[in-house]
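Chains as they are written, first to last, in the working numbering: chain X, 1 to 185; chain E, 1 to 201.
Among these hints, one or two may not hold up.
Stated by the list, open to error - Cβ pair distances, simulated, as ranges:
| hint | chain 1 | residue 1 | chain 2 | residue 2 | range |
| --- | --- | --- | --- | --- | --- |
| 1 | X | Val69 | E | Val148 | 26 to 32 Å |
| 2 | E | Lys116 | X | Val63 | 35 to 41 Å |
| 3 | E | His171 | X | Val31 | 36 to 42 Å |
| 4 | X | Pro117 | E | Arg164 | 28 to 34 Å |
| 5 | E | Leu181 | X | Pro117 | 29 to 35 Å |
In case anyone wonders, no lab produced these hints; they're calculated from the structure. Virtual Cβ for every residue (Gly too), placed ideally from N, Cα, C.
Residue-level listing of the chains:
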Amino acid sequence: MSAPAVQADTYQGHYAGSVSRFLAYAIDLTVSTAVFSLALAAISYGVHIVTGHSVSWNRSNIVVAVIFVVWQFFYFGYSWAVSGRTFGMALLGIRVVRADGSGLDPRRAVVRALVFPLSFLLCGLGFLGILVQREHRALHDLIAGAAVIYSWDARAARLRFLARQAELATSDSPPPGSAARGASH
Amino acid sequence: MNPRDRLRSAGRRWTDPAEALAQQVTERVVDLIVNALDINELAARVDLNALLNRVDIDAVLKKVDVNALLDRMDVNVMLDRVDVNAVVERMDVQAVVDRVDLNPLLDRVDVNDLVKRIDMDALVQKTDLGAVMARSSGGMASEALDAVRSQAVGLDQFVDRWVRRLFRRKHPGPSAPSALLSPPAAILSPPAAILPAHAEP
Numbered sequence: 001m002s003a004p005a006v007q008a009d010t011y012q013g014h015y016a017g018s019v020s021r022f023l024a025y026a027i028d029l030t031v032s033t034a035v036f037s038l039a040l041a042a043i044s045y046g047v048h049i050v051t052g053h054s055v056s057w058n059r060s061n062i063v064v065a066v067i068f069v070v071w072q073f074f075y076f077g078y079s080w081a082v083s084g085r086t087f088g089m090a091l092l093g094i095r096v097v098r099a100d101g102s103g104l105d106p107r108r109a110v111v112r113a114l115v116f117p118l119s120f121l122l123c124g125l126g127f128l129g130i131l132v133q134r135e136h137r138a139l140h141d142l143i144a145g146a147a148v149i150y151s152w153d154a155r156a157a158r159l160r161f162l163a164r165q166a167e168l169a170t171s172d173s174p175p176p177g178s179a180a181r182g183a184s185h
Numbered sequence: 001m002n003p004r005d006r007l008r009s010a011g012r013r014w015t016d017p018a019e020a021l022a023q024q025v026t027e028r029v030v031d032l033i034v035n036a037l038d039i040n041e042l043a044a045r046v047d048l049n050a051l052l053n054r055v056d057i058d059a060v061l062k063k064v065d066v067n068a069l070l071d072r073m074d075v076n077v078m079l080d081r082v083d084v085n086a087v088v089e090r091m092d093v094q095a096v097v098d099r100v101d102l103n104p105l106l107d108r109v110d111v112n113d114l115v116k117r118i119d120m121d122a123l124v125q126k127t128d129l130g131a132v133m134a135r136s137s138g139g140m141a142s143e144a145l146d147a148v149r150s151q152a153v154g155l156d157q158f159v160d161r162w163v164r165r166l167f168r169r170k171h172p173g174p175s176a177p178s179a180l181l182s183p184p185a186a187i188l189s190p191p192a193a194i195l196p197a198h199a200e201p
């Protein structure tokens, strides 16, 4: 495994870039959709056990669509309000904070979750801010007065990598005196 | 002329040569005595303790101008003649250390600056600290997570560089929110409420 790309600086607290944020969102979307599908399957199974009728969920069903949107809002809004990060953001080592860097309050978290769909409008132009804005803030970040930063300490990761390499080198090298004993046999 | 004056001038004719002769005789006698004396034997007979007991040392010291004395001394020459190793060997270093108040000393030390000077890479690679960290850092999952995050940060920077070139920006924007930029130490040790990095899975 190659050494971590970031070496000298910790990057902790710096504005997170587009790739980290996109990967975190992709993970969140996958996880939230999977959990939603599992929940629907569990409900179908429960209904089938209780009533004996099988329930099939149609994707075009407006009720399912509304529940899915509410679930998405809950998944993102609750995660941001409680810890400032979703599951995907935790994996990628990023978190949402207020624009000045202090911790995100629940009100801003809810606002950010509510206006998050706005960034999808006009072919996702709202997300363009992550690429071109100097502070990498999307439309929903600007409206909610929030920013996304790295909460992951790259410097600590490099030290962990070096520690593992040193541990491997120590375990691979023969113990002192074994070479001399081998030569004598 | 006064008859007394005549007597005086006659007396002077006799007394002046007699006085000069007496002076010469005295000097000669003193020379002979000094040459005849054995100074060492004389010194051996002197009871120095009794002599010193009669001397008022405080009064003598009060008359000494120590500053003038020190001005005339060449301290470097004196130090050259001092065997520092011998002095140190005779010192009770433990007693000296016990008397030192370390707290004011430590208050003056900039520990953050000190830590910045440490080559952590070398420290981790060459000491047992690395082994301790390796055993406590969560194994393969942690290693994979570090690698994914590192690659993502690398790609973030790559994209950011291209965007800056595209928009011909000479100066990059602020690297972090203001609360995390000032003071600089905030980035090194962020408030736990904001950035609990080590609490992550």
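These are the hints, each one checked on the structure:
In this structure the hint that Val69/X and Val148/E lie 26 to 32 Å apart at CB holds, the actual value being about 30 Å. Between Lys116/E and Val63/X the Cβ separation comes to about 59 Å, which falls outside the hinted range of 35 to 41 Å. His171/E and Val31/X have their C-beta atoms about 38 Å apart, which keeps the hinted 36 to 42 Å range intact. Distance hint for Pro117/X and Arg164/E: a CB-CB separation of about 29 Å, consistent with the stated range 28 to 34 Å.
Distance hint for Leu181/E and Pro117/X: a CB-CB separation of about 32 Å, consistent with the stated range 29 to 35 Å.
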